[in-house]
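Asker: Here's the letter readout for the chains.
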Amino acid sequence: MVTLAIDLAFILEKFVLIAVIIVISLLVALYTTFGERKVAGYIQDRYGPNRAGPGGIFQPFADGIKLFMKEDVIPNSSNKFLFVLGPAVAMTMAMLTSAVIPWGREIELFGRTIPLQIADINIGILYVFGVVSMGVYGIMIGGWASNNKFSLLAALRGASQMISYELAMGLAIIALLMLTGSLSLKTIVEQQSTGWWNIFYQPLGFLIFLVCAFAECNRTPFDLPEAESELNQGYHQEYSSMKLGFYLFAEYVNMFISSALMATLYFGGYDIPFVNDAALTESIGTNLMALLQTISLFAKVGFFLFFFMWVRWTIPRFRYDQLMKLGWKSLIPLALFNMVITGLIVLIKENGWPF
Amino acid sequence: MPTLTNRAKPVDRRPMTMMEKMYLPAIAKGMGITLKHFFTKKVTVQYPEEKRPFSPVFRGLHILNRDEEGRENCTACGLCAVACPAEAITMEAAERKEGEEHLYREEKYAAKYEINMLRCIFCGLCEEACPKDAIYLSETFAPSNYKRETFIYGKSDLLIPDPKKEPELYQQALGSRAKREGKKG
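Just so you know, the sequences run in chain order H and P. When you line the first sequence up against this note's numbering, it's residues 179 to 533, in that order. When you line the second sequence up against this note's numbering, it's residues 212 to 396, in that order.
I should point out that these hints are in silico values taken from the structure, not numbers from a laboratory. Don't take each hint at face value.
[To be verified] Calculated pairs, DSS-like style, for lysine-lysine (alpha carbon to alpha carbon, straight line, at most 25 Å):
1. P/Lys-232 to H/Lys-503
2. P/Lys-240 to H/Lys-503
3. P/Lys-366 to P/Lys-319
4. P/Lys-375 to P/Lys-343
5. P/Lys-247 to H/Lys-216
6. H/Lys-216 to P/Lys-240
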């Protein structure tokens with residue numbers, strides 16, 4: 179008989195970590211909706227919401243309560259099971275990616291060393307890609323189950339857009355992986371802590387990744403699935419109440435996660451710039467260091483979130499054929515080119531060819 | 212074909228240059244513009260706390276005037292009601308009794324004076340018609356309400372505060388009109 183050694187403390191620690199990360203990502207997403215409206219206002223020479231609470235900080239809660247109080251309409255002609263499943267899938271898939279992102283190095287609590295990452299799996303990036311691809315289903319199912327032409331069109335657009343841009347994204351990542359030699363996000367961050375950040379090795383790769391991240395999150399200028407001037411509301415046309423809320427919320431969670439991913443892959447993750455991490459850990463202790471690292475990561479994430487909004491309120495939407503042309507005819511060749519060049523350089527470096 | 216006006220502009224149909232096809236320089240420029248707007252002074256007027264000043268010739272809610280001793284000017288002659296194109300004004304006249312000389316300036320006064328603010332078009336013809344300087348249009352507008360009845364303003368709503376009993380409120384009700392007249396005189 180095989181006895182499986184189950185470390186109860188380990189399970190507990192992971193559960194707490196998962197709970198904390200879910201709460202944090204929800205809170206961040208909640209306040210991103212608020213930030214979005216504020217940024218939109220400021221860019222348009224207005225103040226944005228500032229009535230609920232001091233400076234309007236309770237606005238997201240007011241929005242949430244409003245969404246919960248609304249009548250929840252399920253259209254008669256819709257497929258009811260899938261109609262409910264759609265937003266649930268969108269939300270779940272948005273949350274799942276956070277499992278492999280390292281939020282900090284480690285903390286010491288009750289004599290245990292707890293890494294600030296839910297799962298340090300050695301195929302971290304593949305996992306991310308798998309989950310991101312699943313995100314299409316939220317849109318597809320929702321759009322199809324609504325039994326509405328606009329929703330269906332939007333869902334199709336969303337699906338083809340996401341599939342197209344995933345390719346370029348993957349190719350951009352492959353070039354990065356050639357340099358790091360690891361799929362584990364933790365290892366990638368550790369490498370960047372000691373050496374240079376990956377953005378300096380892979381500027382073109384980062385640019386491609388950034389553009390694709392915008393497309394994957396369905397953010398302007400690639401928000402074709404919810405192009406209100408053509409498709410009314412897009413795939414969430416028939417949704418109301420908190421189901422609509424989930425769809426909108428999933429978008430912001432996605433934004434948060436992809437910002438975290440960009441920070442992790444290209445901007446050193448939780449690495450504090452211009453600081454020797456090991457030396458600082460010696461002097462101020464592991465726990466304080468973990469806090470500083472998390473703050474550092476969140477500062478980077480915050481910048482990317484702002485960048486997402488900044489772009490949204492600057493650039494108009496692409497036409498659909500332009501979108502496809504950009505994806506297939508520009509980004510994929512560019513990513514391939516980047517991959518070949520990177521491969522060449524890696525090869526030269528490893529073999530020490532003298533030219 | 213010659214154009215009818217000289218405002219027509221030929222459309223530039225040249226294909227995009229390499230620089231333009233890259234989008235990025237143009238995007239960077241646009242982002243610069245939006246960032247500049249991010250830091251500019253906002254034009255919003257935070258309404259309930261901060262109000263826009265009205266023009267001195269603004270025609271708002273009506274006020275029934277009193278003279279310096281606090282007596283009502285109105286004699287219920289009805290010229291304002293006749294002048295009113297929207298027929299918003301109604302009144303009932305009454306005769307001044309013995310001992311009411313401190314309340315009304317002349318022998319006849321308006322016992323009831325009503326303006327329907329939903330009918331009123333704020334044209335100011337009543338102000339022009341009045342021979343006694345008894346009615347003028349102030350610099351506020353009618354506050355919103357859920358009931359129609361509340362928009363029929365009676366004498367209690369329209370009369371200016373007594374300059375003897377409540378001088379501060381009187382000055383406030385006069386608004387910039389007092390300043391204007393001060394300049395004139």
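Asker: Does each hint hold? Answer for all of them.
Answerer: Hints, one by one, checked against the model:
For the hint pairing P/Lys-232 with H/Lys-503, the CA-to-CA distance comes to about 12 Å; that is within 25 Å, so the pair holds. Pair hint P/Lys-240 plus H/Lys-503 holds up; C-alpha atoms about 23 Å apart against a cutoff of 25 Å. Taking the CA atoms of P/Lys-366 and P/Lys-319, the gap is near 15 Å; set against the 25 Å cutoff, the hint holds. Using a Cα cut-off of 25 Å, the hinted pair P/Lys-375 and P/Lys-343 holds, with the two alpha carbons roughly 20 Å apart.
At most 25 Å may separate the alpha-carbon atoms for a hinted pair to count; P/Lys-247 and H/Lys-216 meet this at roughly 15 Å. Distance check on the hinted pair: H/Lys-216 and P/Lys-240 sit about 22 Å apart at the alpha-carbon level, within 25 Å; holds.
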